[in-house]
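Enquirer: Based on these hints, arrange chain B on the given structure of chain A.
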Amino acid sequence: MSRLGGDGLHTVFLIARREFITRVRSRVYLVATVVLMVLLAGFIVLQAEVLNKTTTTVTVGFVGASQALAKPLAATSAGGVTIETQLVQSMSSGEDQVRSGDLDALVSGDPSGPKVEYKDQLDSTLASNLTTLVQDVVFRQALTASGVDPATIEAKVAAAGIHPVALDPNAAQQSQRQVVGIFVAALLYIALAGYGSFVATGIVQEKANRIVEILLSTVRPRQLLFGKVVGIGLVGFIQLVLVGAVGLVTVMQTRAITVPAVGVTAVLGGLLWFVLGFVFYALIYAAAGSMVSRQEDVAAVTAPIGILIIASYFVFFWVEANPSNPIGIALSLLPPFAPVLMSARMATGDAQAWQVGLSILLMLAAIGGVNALAARIYSNSVLRVGSRVRLAEAWRGRA
Amino acid sequence: MAGRGLGVQGITKRYGALEAVRDLSFDVRPGEVFGFVGSNGAGKTTTMRVVLGTLTSDAGRVLWDGSPITFEVRRRIGYMPEERGLYPKMRIGEQLVYLAQLHGATQPAAAAAVARWLERFQLKDRARDELQKLSHGNQQRVQLAAALVFEPLMLVLDEPFAGLDPEAVDSMSEVLHEQAQSGIPVIFSSHQLEIVERICDRVGIIQKGRLIANGTIDELRSHGPRQLWVDAPSAPPGWVASIGGVREVRVEGSRVLLELDASADDQTILRAALATGPVREFRANLPSLLDIFREAMTESTAAAVS
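Here the protein sequences come in this chain order: A and B.
Positions 1 to 399 (the numbering used here) are the ones given, in order, by the first sequence.
Positions 1 to 306 (the numbering used here) are the ones given, in order, by the second sequence.
If we strip away everything but chain A, and leave its shape as in the complex, we get (with noise of 0.2 Å):
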């Protein structure tokens, strides 16, 4: 960059305007985002939906005496099931009640020993509920049979309890940190290729329409490329802030995550590793751009490039679920898979502080790398019209 002080970075600057407010500025950006929005939203409420299914609802009906179970049985709803109970007339009206669904089940008779009737299935809790409480009737008649007042037996009873003590208790988050990885790793590799292939076709395009051409007589063509990565970078990156902002403020709201952080830490995280992996990624594609001269051989140059980004992405899933495996860290501190693995597995939260610093070292260092040489084969192309340059002439500079 220290070729382009000064009014060098001025022309960068407008170039970059240009790609960020022509793209910004049009139907097919606005209407992306909104339905990437949407459909995040959407997910994640439908996610949180699931979440809370599992809580199910079990209606009783009690005829008669049993009548006296209703109360301390509703009382028994806890974790996943509600029981509900309310009273039957006639066991006739009951048993009807039972076999259209209405209710799950009919207890009747003495509370000591009462009748349970069922359609098919007796909800397992709803039985060991109503078991319990039933022992528990026929333990108060026993106790005050024998002369004791059940009260202060239940006194000692309810005292006594349990002290858990959680060994691992983040294990609980994995599960939503795992949904958490897959999304980011999902929307790191959309962005990045599709980021990346607009560079690509941007540039192709310039060739085409033989602007480059007057371009080229005013600016250097590093400033033109740098340019063109920054515009298009920008509007990638203020995509993902919506559609990140979107994700946490609809997660909040729904609590289909119940840590807050591991949302931010997922957000940011993601952030970083767009900005990184675009420049990365973006240079190589704006290389292979520059090397053909129409739309139709965009794809077969920038393939490749693709593939290594979707490869990246289905890796995660190995990674993921063998998250202490050393190839797996590996892959993920290297450059070309980092953007997408390192985010992810920031997400999951199984990426260690080293790693994560290692990775964005080694990014850093690809970055330059790639830069120097995108750079050199993006001037010795731009200019070529015709037939596809060759690696070994966009290198050299001579036909």
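FYI, nobody ran anything at the bench for these hints, they're computed from the structure.
For glycine and all other residues, C-beta sits at the position ideal for the given N, C-alpha and C.
There is no bait here: all hints are sound.
Cβ-Cβ distance ranges computed for the label pairs, FRET-style:
| hint | chain 1 | residue 1 | chain 2 | residue 2 | range |
| --- | --- | --- | --- | --- | --- |
| 1 | A | 299 | B | 88 | 18 to 24 Å |
| 2 | B | 10 | A | 392 | 29 to 35 Å |
| 3 | B | 88 | A | 49 | 45 to 51 Å |
| 4 | A | 268 | B | 116 | 48 to 54 Å |
| 5 | A | 310 | B | 116 | 50 to 56 Å |
| 6 | B | 253 | A | 383 | 52 to 58 Å |
| 7 | A | 368 | B | 18 | 34 to 40 Å |
| 8 | A | 383 | B | 225 | 41 to 47 Å |
| 9 | B | 70 | A | 357 | 42 to 48 Å |
| 10 | A | 364 | B | 88 | 36 to 42 Å |
| 11 | A | 17 | B | 129 | 17 to 23 Å |
| 12 | B | 88 | A | 17 | 18 to 24 Å |
| 13 | B | 116 | A | 364 | 43 to 49 Å |
| 14 | B | 225 | A | 392 | 51 to 57 Å |
Expert: Relative to the frame of chain A, chain B by itself:
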């Protein structure tokens, strides 16, 4: 040689085995319109690109006001490439301001210049239209405006007249003249020799990468043989034979085209013609640029053969 304006000195450019331009030198002074003439592939575009700096020559140098041209000067060259190119989906007003800024103009200066040129080309009310919505002729005007909106230090136009209707040719010539009169060098290439002849101060003829002629139209004409059209209806056939150093080249009715060698005197011929009776026409036959071009091409080819 170290004069004001553009100096091209001994430029050679090779593409692999192909020598596109060989040891090419010429100057264009401020205020001068220099026409670059040659067949396709002669090296005109290559030369222009070397001047602009988008191509690096293998030998030779490009001077500006006597010293090697800098990036800052090159930035302010107004260039119109042979293959026209702008952003089709960008509004023309914004596009021109953007290009002017890239060439170093400040935003207010760029906006003012764009407004002025759009007004001049009667495109003021189209400023917010995308380029692709304009007619071909209007797109050409925008393309020209793109080379002018930053007060260029020099104009380099590759085939600016290609594909223009006669009216557009006139307005293009007018702009080139104005620009030259404002004191900048103007270079353009063209196939249309009659246009070059009409508007250029100086012409360079390029063939196979070499400049085979370079001078004002008058200078180029003076290189060729002197010719005279004489119409003496009463003269007997062969009346010129007696005059020394004169040869009959062509006969059209009563008119003859005479070619004079260095020893011949046109006044002697006139007296001889008057001696035969009335003389209806007596004028120098100035070769057109096309004639000069053909002549130069044949001479240079002959030289290459021998």
